[in-house]
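Residue numbers (the numbering used here), protein chains in the order written: chain A, 153 to 483; chain B, 153 to 483; chain C, -15 to 345; chain D, -15 to 345.
Each hint should be verified, as a subset may be incorrect.
Calculated pairs, DMTMM-like style, for lysine to aspartate or glutamate (alpha carbon to alpha carbon, straight line, at most 25 Å) [said to hold, decoys possible]: (1) B:LYS191 with D:GLU192; (2) C:LYS(-12) with D:GLU265; (3) D:LYS167 with D:ASP251; (4) D:LYS135 with A:ASP200; (5) C:LYS(-12) with D:ASP294; (6) C:LYS274 with C:ASP70; (7) A:LYS353 with D:ASP14; (8) D:LYS135 with A:ASP179; (9) D:LYS(-12) with C:GLU35; (10) C:LYS186 with A:GLU177; (11) C:LYS135 with B:ASP385; (12) D:LYS10 with D:GLU225; (13) D:LYS136 with A:ASP401; (14) C:LYS108 with B:GLU208; (15) B:LYS191 with D:ASP251; (16) D:LYS135 with D:ASP14; (17) C:LYS186 with C:GLU265; (18) D:LYS108 with D:ASP294; (19) C:LYS(-12) with D:ASP14; (20) C:LYS135 with B:GLU340; (21) C:LYS(-12) with D:ASP251; (22) D:LYS325 with A:ASP200; (23) C:LYS(-11) with D:ASP294; (24) C:LYS(-12) with D:ASP300; (25) B:LYS191 with D:GLU68.
No lab work stands behind these hints, which were simulated from the structure alone.
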Amino acid sequence: MTAASKTQKMTLVQAVTQALKQEMERDESILVLGEDVGKDGGVFRATDGLIDAFGEERVMDTPLAESGIIGVSVGLAVAGYRPVPEIQFMGFIYPAVNQIFAHVARYRHRSRGQYPMPMVIRMPYGGGIHAPEHHSESYESMLANTPGLTVVIPSTPYDAKGLLISALRSDDPVIFMEPKRIYRSFREDVPEEPYTVPLSKAAVRREGNDVTIISYGSMMRPALEAADFLARDNISAEVIDVRTIAPVDVETIVTSVEKTGRAVIVHEAPTRSGFGAELSALINERALLHLLAPVQRVTGFDTVFPFAMMEAHYLPNRQRVVAAVQTALEF
Amino acid sequence: MTAASKTQKMTLVQAVTQALKQEMERDESILVLGEDVGKDGGVFRATDGLIDAFGEERVMDTPLAESGIIGVSVGLAVAGYRPVPEIQFMGFIYPAVNQIFAHVARYRHRSRGQYPMPMVIRMPYGGGIHAPEHHSESYESMLANTPGLTVVIPSTPYDAKGLLISALRSDDPVIFMEPKRIYRSFREDVPEEPYTVPLSKAAVRREGNDVTIISYGSMMRPALEAADFLARDNISAEVIDVRTIAPVDVETIVTSVEKTGRAVIVHEAPTRSGFGAELSALINERALLHLLAPVQRVTGFDTVFPFAMMEAHYLPNRQRVVAAVQTALEF
Amino acid sequence: MGYKKLFRGETVRLEILNKDGKADKKSLPDISQDTMIQMYRYMRQMRAFDEKALNLQRQGRIGTYGSLRGQEAAQAGLAVNLNEKDDWLVPSFREHGVMMSLGVPMHLIYAYWKGDERGNISDKGIKCLPPSVPVGSQLLHATGIGMAMQKKGLPGVAVGFAGDGATSEGDFHEAMNFAGVFKARTLIYIQNNQWAISVPLKKQTAAESLAQRGWAYNVASMQVDGNDVLAVYEASRLALEHIRNGNGPYMIEAVTFRMGDHTTADDHSRYRTPDLIAYWEERDPIMRMKTFLINEKIMTQADDDAITNDVTKAVDSAVKELEAMPAPDPMHIFETMYAEKPWYLVEQQAMLRDELNQEKR
Amino acid sequence: MGYKKLFRGETVRLEILNKDGKADKKSLPDISQDTMIQMYRYMRQMRAFDEKALNLQRQGRIGTYGSLRGQEAAQAGLAVNLNEKDDWLVPSFREHGVMMSLGVPMHLIYAYWKGDERGNISDKGIKCLPPSVPVGSQLLHATGIGMAMQKKGLPGVAVGFAGDGATSEGDFHEAMNFAGVFKARTLIYIQNNQWAISVPLKKQTAAESLAQRGWAYNVASMQVDGNDVLAVYEASRLALEHIRNGNGPYMIEAVTFRMGDHTTADDHSRYRTPDLIAYWEERDPIMRMKTFLINEKIMTQADDDAITNDVTKAVDSAVKELEAMPAPDPMHIFETMYAEKPWYLVEQQAMLRDELNQEKR
Ligand SMILES: Cc1ncc(C[n+]2csc(CCOP(=O)(O)OP(=O)(O)O)c2C)c(N)n1
Ligand SMILES: Cc1ncc(C[n+]2csc(CCOP(=O)(O)OP(=O)(O)O)c2C)c(N)n1
Ligand SMILES: [Mg+2]
Ligand SMILES: [Mg+2]
């Protein structure tokens, strides 16, 4: 991005749409497909206008079948396209995991490099929008446990555009998890021109010395709010946005924890075998002697994601992050 | 089990068959279903003889469709049966995860206790038998990340029988992962009478003071071999068999690590977001001040499980466990 | 040798009442006037429930809601044939009509859409499973229950509901195939409202009908005009008789039309024209039956007014019951996950309890 | 009004050569003698390959192996119709016959079954994907490639292979349905060998045939005697012509029989009787064609002996090539996982390298 490039205030979902549009203009091999991605522009409008710009051959409403959507995408990729399938909500990824885990993630390896799998599987994830059952889930841990996948979770409009463009230019399959809770909750300056944000690189969102708060996606909000709140008590929190959870950028995380000696991990998914476990294990392995307190996990409960009336109790918030930091400080 | 009860030398797979048979005699609501579980007795003979003993109404060969097998099991359970579906290899669980994660795991909660899901989903897992692609995988981490499931992995014939009987008597859905590599690799005395081994309770297989080796299933073998090997150098390893990874028995593990100050976790699945991450995070959270060295993970690589000719390089073995213990000791 | 005929199949569609409420007399089912009025009453109750729900949603008193407007006949004509003691309902998320007709309390259905988990299930002894959101997945549960009914020799039939879109999911296929193989006492009941959110049927499948899919599994099937409650009645009756007589599963495709948005989170004007809506407005299932009942002198306008009064009252009192429900207990998040609460749920519950206690102070 | 016919469909089966090698003259395809001999040669090559494979397995020189004995006609009759420049093979795990016929080197197929990953893919420019193990899943890939061919206006057809058992998986359904909707240039090719390991077709589905499932998706389809190479030839020709002419996808059900164990890890005597095997032995696809060719004087016994000689030699040299392959490099485990190796794969690779170096010392 040149310093001179113009910017536009936009929301995260608008940044997603713009990235798709600009890359589809640049690269004719990109196809968008999924349930309601055409005329409807996606149930969250992430593909709004694409069918008008690129026609039904490149923006395809499909039958209602997630395994089918990903499975035909494998074939399209083999035959030279760069498919961008959408899973309407992450809660509906399960019917597609056979195709994703058994084929998408493995195709480059299985074919000894002959058929890499350039594909970006987009999906809104997470809670906080008062949605029905299965519309609020975060299943990133099983993705991070599957070798061959790149799993990206942006938390800002700027990153959403830059990371999605990187994903669309990558020759590896990328799962692009979009935090739907903050699809429209704020705007930020986003360059009009296409630009990339590197995959597999965490961002230090705020520097600090006393504790490292590590999060991603929509949980960056409570993480940053907690840092603000703690600052009032002169507690200086460093806040890291992991951005790509697989392959994860261990260096940025460990460097920070070496400095602060304390780590608090925040995500919406359940604790048990959630991605926070991997982060905690990595910190244990690489920064044990720097640790002044146990690594704290602030996560969703180990329950079903509750219905709308109860979700506020389930989701991590500023208070819980602050409490975890205090636990770490008082240890 | 009474002290007087007779025993029989048997293999792990024979213990599984006996448990099924005895419980089916006791409880008419138990049904066995899956691919080739009837006349063929299962591709590993785990259901050998059941169709002769109980007939086609209770031992059902099904169409080749994993989602179907689990999905109809949900209906059978709702209507009062206790289905025991088999997934032929864990590598083929993916088509069924929608039914398992979206329904089996949630049904008790969704129905507010009205429809618990008494169901035991059996499946052989893991490598070491020179099998084709997708026949050697260990996908336990995603199961442990899914609230509502109980996930059991026996490592001995005695436990296989007792844990399976407990599972068959539980009103919660249990995933029963059978380490096929050791289905027939050794025999042990198993009581003829039915007995239970408690779920969610780890076993200390060997006591020691210098390091805790934590494993489960087929990896218990290299874990115990490593302990033997280390004993020659007067290194005293405590060896824990987790047995139930969800809900996990944290107490037994933490108590041991508090004593030894060092932990080495061994499993076949990849490192990243593998179940070892959860164990490491738990130890960090609950025994940090006792830790003399980082928690070590000895696992499969973060790659596709390789074909037969390469699998010996992939699978953790005694040497790697010993090396990890030495790393921990020399830290 | 050469070409041999291997398979020949035919699928029919049943229509009785035309859009103007005129019946094809020779096809009229043998049915009492009471039953006709009962079906009409069911439809009116559904419509009243639905209109109130849209109202409550607009006022923020419930959350996202999925309207069944237009599909009343497809649900009422089936409902009167079911027996709430023996038969199982395995609903998707648009079956409030058949659910309330069989006795699921309306306030619980409102509670469901309010995001209150107590709305998932009723304690009235009705064999109705909680709504299933993952499209198509519940059909396998209906097959499984139907297998159980068959094994146990019970009279009950399991009715698995799904939409046209759901028939594209692999689970539809597996449910039909298992049902065929195991002769499950299952009715696969497809409300083909011609749209899956914004996707019209012709993008969903290239086949001329969904009913003909029965042939792929040797599952008897037929299509019915789903806006014609008499035809739905007759098709359901035949299908249930077929199943109850031990002849194996059945599939019905009821062709209907979703008159409104997919849910209140949707805007159907993005993908459907006013003309199309107007076309279907003329084919409204309730108007049609009303005309028929009045023309045939089965019902008077005064009867109809009394029904209006009844269904409105019932809805109003359901709203009162809804709003009289005590606030749900946050502690319930941790309940019924397992028969016995694991240590970490105990810990997490304690944490939430502390938080809530602190807030109170 | 009343009952209307909605759908009527018919599915045919084609047979040309009977079990004794007599042809139905009026159905004989318009086909050169060379092509006939080519198909016969393909079948002989497959049989020779297969027998050697079973041999190698018994000697421990390869691992678990899936035999195609009995299915040679079902693969050869198709193979001669395919064009290795344009068409795509999307195999399951029992398609070595069609693969080798299109030019995939036999030693690589042996390598695959030896557990050597180099056997996954050949570098000969043949459009053949690696074998797919999760049953049925690859059919969607064939649909996707067929969609791509359609979009690009390319002449190629994607052939997706699966067995009878695989048709029970949801992915079969989704592949057929997507193919129908998107008019994919795809041939769904089902080798119905009547068994899925120990499960016979009648437990797999209640439908009389698999071919009739085409009607569920508006995908043209037919059944063929899969042990009759002339019928398979003709059915494949028709299907490919249909697809190449832009008429949309096609499905063929080739009814055949797996003569041996499912794989060398199986024991089919547990679930099939010797009588059944004998019945099918009489219907062997190779003997049948040989009798025909000799009776029709298209081939002499001397020609046949020459073919025997050729195919044996080819197999022997494939075994030599197999065994001349240098040992696979363990370092490859970490390659081609990603375009760029993540830090942890670099670390893990270094660890394995150290271990191997230590062993060497
Ligand atoms: C597996 C799955 N994928 C996607 C969704 C999101 N979704 C909810 S309803 C719906 C359309 C359903 O269409 P149809 O089956 O025709 O039922 P209708 O809504 O018309 O009653 C979709 C795509 C879902 N609930 N489940
Ligand atoms: C999804 C999946 N489930 C189970 C298996 C194990 N399995 C391998 S082959 C087979 C039977 C396949 O039968 P069919 O499709 O008829 O093909 P055939 O072996 O007869 O050629 C089974 C159950 C598998 N490979 N994939
Ligand atoms: Mg619909
Ligand atoms: Mg078969």
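Checked hints:
1. B:LYS191 with D:GLU192: This hinted pair holds, its Cα atoms lying about 23 Å apart.
2. C:LYS(-12) with D:GLU265: Distance of about 24 Å is within 25 Å: holds.
3. D:LYS167 with D:ASP251: 41 Å, violated
4. D:LYS135 with A:ASP200: 23 Å, holds
5. C:LYS(-12) with D:ASP294: 38 Å, violated
6. C:LYS274 with C:ASP70: Given that 25 Å is the threshold and the Cα spacing comes to 31 Å, the pair is violated.
7. A:LYS353 with D:ASP14: Violated, because 63 Å separates the two Cα atoms, which is more than 25 Å.
8. D:LYS135 with A:ASP179: Measuring from Cα to Cα gives roughly 16 Å; hence the hint holds.
9. D:LYS(-12) with C:GLU35: 34 Å, violated
10. C:LYS186 with A:GLU177: 29 Å, violated
11. C:LYS135 with B:ASP385: Status violated; Cα separation ~62 Å.
12. D:LYS10 with D:GLU225: 21 Å, holds
13. D:LYS136 with A:ASP401: 39 Å, violated
14. C:LYS108 with B:GLU208: 35 Å, violated
15. B:LYS191 with D:ASP251: Holds, because 12 Å separates the two Cα atoms, which is no more than 25 Å.
16. D:LYS135 with D:ASP14: 32 Å, violated
17. C:LYS186 with C:GLU265: Between C:LYS186 and C:GLU265 the Cα gap is close to 21 Å, so the pair holds against 25 Å.
18. D:LYS108 with D:ASP294: 22 Å, holds
19. C:LYS(-12) with D:ASP14: Measuring from Cα to Cα gives roughly 20 Å; hence the hint holds.
20. C:LYS135 with B:GLU340: 38 Å, violated
21. C:LYS(-12) with D:ASP251: 35 Å, violated
22. D:LYS325 with A:ASP200: Judged against 25 Å, a Cα distance of about 36 Å means the pair is violated.
23. C:LYS(-11) with D:ASP294: Judged against 25 Å, a Cα distance of about 40 Å means the pair is violated.
24. C:LYS(-12) with D:ASP300: At roughly 42 Å apart (the allowed maximum being 25 Å), D:ASP300 and C:LYS(-12) break the hint.
25. B:LYS191 with D:GLU68: Measuring from Cα to Cα gives roughly 42 Å; hence the hint is violated.
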